[in-house]
Amino acid sequence: MSTDHTHHHLPPQALRAEALESLLLEKGLLDAGAVDSVIIRYTERVGPMNGAKIVARAWCDPAFKQWLLADGSAAIGEFNLEGGQVEKLVVVENTAAIHNVVVCTLCSCYPWAVLGLPPTWYKDPAYRSRIVREPRTVLAEMGLALAPEVHIKVWDSSAELRYMVLPQQPAETLGLPEAELAARISRDAMIGVAL
Amino acid sequence: MDGIHDLGGKQGYGEVCRDQAPAAGPAPVFHKRWEAAVFAMVNAGAQAGAWTNTDRFRHAVERIDPVAYLSHGYYGRWLGGLETLLVEAGIITTAELEARLATRPGQLVSSANEHVAARPAMVPEPFGPPPRGRGSQRPVTAAPRFAVGAGVVTARTVCAGHTRLPAYARGRQGCITAVHGGWIFPDTNAHGGGECPQHLYTVTFSAAELWPGGDAHFDVSLDLFEPYLFATGSSLAQQQKVTL
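These protein sequence lines are chains A and B, in that order.
For the first sequence, the working numbering gives the first residue as 32, with consecutive numbering after it.
For the second sequence, the working numbering gives the first residue as 14, with consecutive numbering after it.
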């Protein structure tokens, strides 16, 4: 987070946002602490660490995994997650033969409660335009070279369903405790652009 | 709406640029404070009554200046949609915001000719009735027209307003792979036309159907509303438009 107040390198949309903020504060439509609350919420409490806990649980508990795949929103209920955007969470499982990857081509829909706010590249035109047309090439460019026989399933979040990928558990991590597994699970693996 | 936002399958945007992560730890959620301020103001705008549903907000983002859409970044796009709706709702005026901008530090270094993202309509659409409940799922009395395994073809054209049928998936044959019950219909809800709940389906399209001649070893699934879908074999006339 920048604390730079010189403004010399801020783009015009940043200046306009600051002007709008001062206007809404003055009109009493924006609470003075609202911006800090958003920053704290989405950097400390809502983020991919929550999805990682869910994946780790699924790797350790076969009954939970079956529930998660059958009804994601119900299965994550006990985690009491804030952040929204998971009215209907669909969890899709990677296997040796199938690799899943998630996008929103029309805007930038993303399962906030389990993965936090999306990374910039997920919202940018390059990813949104190309992943539905040449997913194997895009994944390879992003560092994930899939074997030619692996079938890719792309999920374009065009309604209010939200998707999260359940990665395959690496063989060398079998038997590790859940907390240690969770620390190894990356955001990108749960979007489907990494393993 | 065939807008700049409908990016699926478009070419020429180059390689995916990953965030520049700091030496230790992940890339920041908000790169600058103003991005978080836009996020907070979007929440505040909804509370102030600038819009009553997400579909209307999404459509306001789609309506911003297309150059700004590509160049202002995600929170810049949100800012454009937010300003559009605040002005249309009469909560602020563009002149008031411009006057405030002129008093802000940093104004001297910004160009007067920069694209302003917001595109408020001279005559805004009505809001329509308030939401009939929480969330987006709603009961639909009619039985779903399609079952898992059914072949469908998507509409070839959509209305000029908000829709969640992307251009790359129009007029294409796919297969119903999940049935999700009734959900608010964005195409009406964004325009004050009410929730008009419709059955929602996951429809899976083969790569060959979407992109003939390209890499074939993948498929793409979209969540599509019943008015976008026709039974395979429908006459072309029937497939022309999204119909309620």
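You may find that some hints are simply not true.
Claimed, not checked - So the derived list for chain A, only partly shown, Cβ under 8 Å to chain B, looks like this:
(1) A48
(2) L60
(3) L61
(4) Y73
(5) R76
(6) S104
(7) I129
(8) K154
(9) P156
(10) L175
(11) P179
(12) T204
Stated by the list, open to error - Not everything, but these chain B residues come out facing chain A in the computed CB check (under 8 Å):
(13) D32
(14) A61
(15) Y87
(16) F159
(17) C188
(18) H204
(19) W224
Unchecked claim - Here are a few chain B residues that sit away from chain A, every Cβ distance over 10 Å (derived from the structure):
(20) P157
(21) T170
(22) P179
(23) Q186
(24) S248
Source of the hints: derived by calculation from the structure; they are not laboratory data.
Glycine included, each C-beta is placed from N, C-alpha and C at the ideal position.
Hints, verified against the model:
1. Hint status for A48 of chain A: holds, given a least beta-carbon distance of 4 Å to chain B, under 8 Å.
2. Evaluation of the L60 of chain A hint against chain B yields a held restraint, the C-beta minimum of about 5 Å falling below 8 Å.
3. A least Cβ separation of about 5 Å between L61 of chain A and chain B falls short of the 8 Å threshold, and the interface hint therefore holds.
4. Of the supplied interface hints, the one on Y73 of chain A holds, with its beta-carbon coming within about 5 Å of a beta-carbon of chain B, less than 8 Å.
5. With its C-beta approaching chain B no nearer than about 11 Å, R76 of chain A sits outside the 8 Å limit, and its interface hint is violated.
6. Using the Cβ-Cβ criterion of 8 Å, the hint placing S104 of chain A at the interface with chain B is not satisfied: the shortest such distance is roughly 10 Å.
7. A hinted interface residue such as I129 of chain A counts as satisfied when its beta carbon comes closer than 8 Å to some beta carbon of chain B; here the least separation is about 10 Å, so the hint is violated.
8. Of the supplied interface hints, the one on K154 of chain A holds, with its beta-carbon coming within about 4 Å of a beta-carbon of chain B, less than 8 Å.
9. With a cut of 8 Å, the hint placing P156 of chain A at the interface with chain B holds, because the nearest CB-to-CB distance is about 4 Å.
10. Violation of the interface hint for L175 of chain A is found here, the shortest Cβ-Cβ separation to chain B being roughly 11 Å, above the 8 Å cut-off.
11. The restraint placing P179 of chain A at the interface with chain B holds, with a minimum CB-CB distance near 7 Å, inside the 8 Å limit.
12. With a least beta-carbon distance of about 21 Å to chain B, the hint placing T204 of chain A at the interface is violated under the 8 Å criterion.
13. For D32 of chain B, the suggested interface contact is upheld, since its CB lies about 5 Å from the closest CB of chain A, less than 8 Å.
14. At a threshold of 8 Å, the smallest CB-CB gap from A61 of chain B to chain A is about 5 Å, leaving the interface hint in force.
15. Below 8 Å, beta-carbon pairs count as interface contacts, and Y87 of chain B has one with chain A at about 4 Å; its hint therefore holds.
16. Hint on F159 of chain B is violated. Least Cβ distance to chain A is approximately 15 Å, over the 8 Å limit.
17. Nearest Cβ of chain A to the Cβ of C188 of chain B: about 13 Å, over the 8 Å cut. The hint is violated.
18. For H204 of chain B, the suggested interface contact is broken, since its CB lies about 16 Å from the closest CB of chain A, more than 8 Å.
19. Of the supplied interface hints, the one on W224 of chain B holds, with its beta-carbon coming within about 6 Å of a beta-carbon of chain A, less than 8 Å.
20. At the 10 Å boundary, the C-beta of P157 of chain B stays outside the reach of chain A, the nearest C-beta of that chain being 15 Å off.
21. At roughly 17 Å, the least C-beta separation between T170 of chain B and chain A is larger than 10 Å, which holds for a residue marked as non-interface.
22. Chain A draws P179 of chain B into its interface by the beta-carbon criterion, the shortest separation being 5 Å against a cut-off of 10 Å.
23. Non-interface call for Q186 of chain B relative to chain A: holds, since the shortest CB-CB distance, roughly 16 Å, exceeds 10 Å.
24. Remark: the non-interface label on S248 of chain B is consistent with the geometry, its nearest Cβ contact in chain A lying 25 Å away (cut-off 10 Å).
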